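Read off the chains here:
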Amino acid sequence: QVQLQESGPGLVKPSETLSLTCGVSGHSISTGYYWGWIRQPPGKGLEWIGSIYHTGSTYYNPSLKSRVTISLDTSKNQFSLKLTFVTAADTAVYYCARQRRDGYNYVDYWGQGTLVTVSS
Amino acid sequence: DIQMTQSPSSLSASVGDRVTITCQASQDISNYLNWYQQKPGKAPKLLIYDASNLETGVPSRFSGSGSGTDFTFTISSLQPEDIATYYCQQYDNLPLITFGQGTRLEIK
Chain A
6 QVQLQESGPG
16 LVKPSETLSL
26 TCGVSGHSIS
36 TGYYWGWIRQ
46 PPGKGLEWIG
56 SIYHTGSTYY
66 NPSLKSRVTI
76 SLDTSKNQFS
86 LKLTFVTAAD
96 TAVYYCARQR
106 RDGYNYVDYW
116 GQGTLVTVSS
Chain B
74 DIQMTQSPSS
84 LSASVGDRVT
94 ITCQASQDIS
104 NYLNWYQQKP
114 GKAPKLLIYD
124 ASNLETGVPS
134 RFSGSGSGTD
144 FTFTISSLQP
154 EDIATYYCQQ
164 YDNLPLITFG
174 QGTRLEIK
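Here the protein sequences line up with chains A and B, keeping their order.
Its first residue numbered 6, the first sequence is counted upward by one per residue in our numbering.
Its first residue numbered 74, the second sequence is counted upward by one per residue in our numbering.
In case anyone wonders, no lab produced these hints; they're calculated from the structure.
Model, not experiment: these values are computed from the prediction.
Among the clues, some could well be false.
In the EDC-like style, the derived pairs of lysine to aspartate or glutamate whose C-alpha atoms are separated by at most 16 Å in a straight line are [stated by the list, open to error]: (1) K18/A / D113/A; (2) K70/A / D113/A; (3) K181/B / E154/B; (4) K118/B / E21/A; (5) K70/A / E154/B; (6) K115/B / E21/A; (7) K118/B / D155/B; (8) K112/B / D165/B; (9) K118/B / D74/B.
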């Protein structure tokens, strides 16, 4: 069974960098899926932040592209998100997720989500 | 960017009612549409993929239809455990995906 688990600080100061890691068990991130981040501000809808393919190719939401970096660490079977120059608008539950692209094109596994608050 | 317009934003219905949610894409996305259910404090769960295919293990009271720009999600007979927020999601240009604004479903 594939499991994803987010980890990282729950509180980040404005203008600083938000850093989260997603540990994956039950599947190697080196094989054929997209590994992505999706966020949800409190009481609001879902926003795709970006994804990384197992080859290392990255894809970002155009609205966040200038501030986002997603990377893989295959030795630890995990992937990470960095979001720079955060503001209160970046306060959200951040989910890591696995996106399929094998004819079944959906998000099939999600982490439990982690709330990150941007506040001084 | 493809925008997804979902309606209504909230809905109140009685147990046993037929419930319908619509989702409109800003351009033709063929059948590249999924539906998810999200309960409070939980991650979304896939219900319908490719507009009309029921995910394994999902009750048959859930269904989806549509293609092009107009899509419909239906619960044929609302159950108390269906209280949740429902999202449509397009995948015309993987892995870039966008979600509708969500429909919050409540029991009357």
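Comparing the hints with the structure gives:
A distance of roughly 32 Å separates the Cα atoms of K18/A and D113/A; the hinted pair therefore is violated under the 16 Å criterion. For a cut-off of 16 Å, the pair hint linking K70/A to D113/A is broken: about 24 Å separates their Cα positions. The straight-line distance between the Cα atoms of K181/B and E154/B is roughly 13 Å, inside the 16 Å bound, and the hint therefore holds. For the suggested pair K118/B and E21/A, the alpha carbons sit about 32 Å apart, so the restraint of at most 16 Å is broken.
At roughly 38 Å between alpha-carbon atoms, K70/A and E154/B are farther apart than 16 Å, so this suggested pair is violated. Restraint check for K115/B and E21/A: the C-alpha separation of about 28 Å exceeds 16 Å, so the hint is violated. A threshold of 16 Å between alpha carbons decides the hint, and for K118/B with D155/B the separation of about 12 Å falls inside it, so the pair holds. Restraint check: the Cα-Cα separation between K112/B and D165/B comes to about 26 Å, which exceeds 16 Å; the hinted pair is violated.
At most 16 Å may separate the alpha-carbon atoms for a hinted pair to count; K118/B and D74/B exceed this at roughly 24 Å.
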